[in-house]
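Visitor: Note that the protein sequences, when read in sequence, are chains A and B.
First residue of the first sequence: 1, per the working numbering; consecutive thereafter.
First residue of the second sequence: 1, per the working numbering; consecutive thereafter.
Hints may be right or wrong, so weigh each one.
As the list claims (entries may be wrong) - So the derived list for chain B, only partly shown, Cβ under 8 Å to chain A, looks like this:
#, residue
1, Y33
2, I76
3, L86
4, F89
5, Y92
6, E93
7, L109
8, F112
9, Y114
10, G115
11, F118
12, L268
Stated by the list, open to error - Listing some non-contacts, in silico: residues in chain A with all C-beta distances to chain B over 12 Å:
#, residue
13, S23
14, L97
15, F128
16, D183
17, M211
18, S341
To be verified - Per the computed footprint, the stretches of chain A lying under chain B, defined by three or more beta-carbons under 8 Å from a beta-carbon of chain B, are:
#, stretch
19, 9-20
20, 235-247
21, 251-265
22, 356-364
These are calculated hints, taken from the structure and not from any lab test.
Each residue gets a CB set at the ideal place from its N, CA and C atoms; glycine is no exception.
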Amino acid sequence: MVKHSSVTPYYYHVQTEFERFWSARHVQTRRILFIFGLGFDPRCVPAFRLAARVLSNAERLNTVCLRFKNPLDDNLAENTEGTHDSLKDIDQISWGLNAAKYHHDHLEVNLFDSKGTYDGHKKLVSDFTAEFGNTLRDYTDVVIDISAFPRSLMYALLTRVQEQLTPMQNLFAVLSEVPVPVDIREQGYSDPHYIIPPGSRGDGDGGREPMIWIPILGGSTERLHNIYTYLSPKEVFPIVPFPTQDPRTGDHIVLRSRKLFDDWHVPFSNIMYACGDVPFDIYRKIHDIVERYRSFMSTDRMVVSALSGRSLSLGVLLAAWLHNLPVCQIQPKTYKLISPSRDDLKRATARANVTLYWLSGEIYQ
Amino acid sequence: MNLEVAKSLFSKLGLRGALLDEALEELEFMARYKYDHYEMYAPAGRFLEHLYRWLTQFDTPADREAALHFVRNDIIFISQREMQDLARFLYYEQIVPRILDKILEDSHLPPFAYGEAFKKFSHYLRRCLFVGLSDGAKIDFFRRHNIDVSQEQVLPYYRTSAKDYIKALREESGDESDKFWAVFLIDDFTGSGYTLLRQDVDPDTDQVRLSGSLERAYEEHKNIVDGASSLFLCEYVATHSAISRVRSLAQNARHYASKFDVLCPLVLPDEIGITPSAVGHDSTKSAIVALCEKYYDDTFETYNTRKGGGIQFGYGRHGLPLVLYSNTPNNSLYILWFSTRPDAQPQFTPLFARIDRHKAL
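Next comes chain A alone, as it looks inside the complex (with noise of 0.2 Å):
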């Protein structure tokens, strides 16, 4: 059992609605660079909305709108008609700014390359890098709406941005969440990848195998058993939601990976819980995890991965930053949404929770 010797990072945090964090601070004085993923989903378009209302009064506002393009997308066609859909709302948003105080840019960021090989996330890198690396130092806060961001994209960005700005420059995520259930199925992946290589952020030299892999279970359970495969590690922690709105959530999944435990013998003694809602609860759980083996064991050689909502996602990215741990991933080829229609997820965007996380910065110096 382990206690809790000192402060770790995160004992305190914010996490609050987007618009009451804005109502509360002096936007005024601020210089904003807020950007977004572009898709077929409609919940690309509710923090936007918001932040053209709450942060218009920046001293300076810039919206950077990041379009993400799938030629292996199955679904092509229905997908791209969503992302105009999305991308007038969008436009219509931006004509009602303050042009003297207010600019928007477009990047387009190809996932796959001319041979079908995933490598959008370090495309985005490079391209934002060029595009906007320099002028990043200009701004006082960074807010990044993850709402519409594939995971692997959402943690290479955060992370560059992360590592570009200095400690008091204040770097957010922005998730919007509507109160209607959402099931968008994924076909065909690419091969596993790490994000945050081994040994990249830290000590290790990254040339050796994983021994524990931390993945934070839900969703396909086919990503499980492709990453699982792929790193083939010695010890598995899976880390379940828990709580959850739905109380049953954690059972459902654990019994999707039931795999997990049966073939691969993983005891249920090393399932930890943390809240599906909360991705600093995630981050301290992963923290234990590694304060537990880090006098006998290099960091690099402990993967993690997110395979459940994006929320949780954010968590495993803050114990990746702050334990220099590698991340490994897997990236759907294509997106459907099965449930709600388009038009009824669209209407229910207007009743849209937008979540902001701090995390990093002022606050916690």
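Following the hints, position chain B against chain A.
Guide: Chain B in isolation, oriented as in the chain A frame:
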């Protein structure tokens, strides 16, 4: 019971083969993961053995299928590990932010200036008193896992005196008037809030008065509560309706009104309840309601249970499908937890037998 034995035994129940195989594989897994650790179970009498006995008492294969469907799809089982995790989550995500907000308020700091507020955190934390409201409060776990909390500010049970705790605080700070600014009353579960706070009519005066464990806690620690600016009832698990009810009733208690709030890491939505009025057009839930009606007998009630509206759909008609690792709440459907005496007629066998803290008269 292993899967092979279970398949052979359960095949006598007249259930459809494919459904039974799928259900047993799933439930045998869940038994290993969680259900076998129910504290009322013993070797050779764990989940699958209880499930078999429980299913045999339903007359028809259709009733057994409905019961099996209920177990697979509706039961919410909170394991000991999950409960311990709720205790941790409560501290980090609900108690720490309340303390920081108090510092912001007292120090006139701007909202979210947590970095600045944290400089005073240990001073404020030491002036919080944590009190166990029941033996399910996991107060030992709460204290052991939160080393920042001193042993001299955690009272295992509310009926013990806190006099030494105040003395220790004052000796430590050298301030004879030092006091706890917040009291956190910690409990594992509330389904209706009735045990915590209720309105009773005084038989002598006919006046309505508040009673329950929150009132008793106040009587035991009057000086501390009166001197504190905040009092938080902390429930690891609670129904939404219980929280609303207790919040509302606490406003009628002069000593709590201005300082009371409820913290709860796992709030169960009222929609999980299975009662005749709540099932609507859901055919699988209607089948559970039908089971609760068909196998219920008036002799299952006692004086106390009748007073609470009967057990058919759980105490207070909450219809909960909830099982806690240490006991099954009486707010849950009786088919989960109720057992008759050996000589009673008709007989009923529970799936998760309950130890009753509230003894029958």
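Visitor: Now look at each hint and say whether the structure bears it out.
Guide: Outcome of the hint check:
1. Interface restraint check for Y33 of chain B: the shortest CB-CB distance to chain A comes to about 5 Å, inside 8 Å, so the restraint holds.
2. For I76 of chain B, the shortest C-beta to C-beta distance to chain A is roughly 5 Å, which falls under 8 Å, so the interface hint holds.
3. Because the closest C-beta pair between L86 of chain B and chain A is about 6 Å apart, less than 8 Å, the hint holds.
4. The interface hint given for F89 of chain B holds, since its Cβ lies 6 Å from the closest Cβ of chain A, which is under the 8 Å cut-off.
5. Satisfaction of the interface hint for Y92 of chain B is found here, the shortest Cβ-Cβ separation to chain A being roughly 7 Å, below the 8 Å cut-off.
6. For E93 of chain B, the interface hint holds, the least distance from its beta-carbon to any beta-carbon of chain A being 6 Å, beneath 8 Å.
7. At its closest, the beta carbon of L109 of chain B sits 11 Å from a beta carbon of chain A; the interface hint therefore is violated under the 8 Å criterion.
8. For F112 of chain B, the interface hint holds, since its Cβ comes within 8 Å of a Cβ in chain A; the closest pair sits about 5 Å apart.
9. At about 5 Å, the closest approach between the beta carbon of Y114 of chain B and any beta carbon in chain A falls short of 8 Å, and the interface hint on this residue holds.
10. Interface hint at G115 of chain B: satisfied, since its Cβ lies 5 Å from the closest Cβ of chain A, which is below the 8 Å cut-off.
11. Hint on F118 of chain B holds. Least Cβ distance to chain A is approximately 6 Å, under the 8 Å limit.
12. For the restraint placing L268 of chain B at the interface with chain A, the shortest Cβ-Cβ distance is roughly 6 Å, inside the 8 Å limit, so the hint holds.
13. With a least beta-carbon separation of about 9 Å from chain B, S23 of chain A fails to lie farther than 12 Å from that chain, contradicting its non-interface assignment.
14. Every CB of chain B is more than 12 Å from the CB of L97 of chain A (nearest about 25 Å), matching its label as outside the interface.
15. With 12 Å as the threshold on Cβ separation, the claim that F128 of chain A sits away from chain B holds: the shortest Cβ distance comes to roughly 28 Å.
16. A cut-off of 12 Å between C-beta atoms confirms that D183 of chain A is not in contact with chain B; the least separation is 18 Å.
17. With 12 Å as the threshold on Cβ separation, the claim that M211 of chain A sits away from chain B holds: the shortest Cβ distance comes to roughly 24 Å.
18. At roughly 22 Å from the closest C-beta of chain B, the C-beta of S341 of chain A stays outside 12 Å, upholding its exclusion from the interface.
19. Coverage of the stretch 9-20 of chain A by chain B holds. Counting CB-CB distances below 8 Å, 5 residues qualify, and the rule asks for three or more.
20. Under the rule that three or more residues need a Cβ within less than 8 Å of chain B, the assignment of the stretch 235-247 of chain A holds, with 4 such residues.
21. Against chain B, the stretch 251-265 of chain A contributes 6 residues with a C-beta closer than 8 Å to a partner C-beta. That satisfies the three-residue criterion, and the hint holds.
22. Counting residues of the stretch 356-364 of chain A whose beta carbon lies closer than 8 Å to any beta carbon of chain B gives 4, which reaches the threshold of three, so the coverage claim holds.
Of the numbered hints listed earlier, those contradicted by the structure are 7 and 13.
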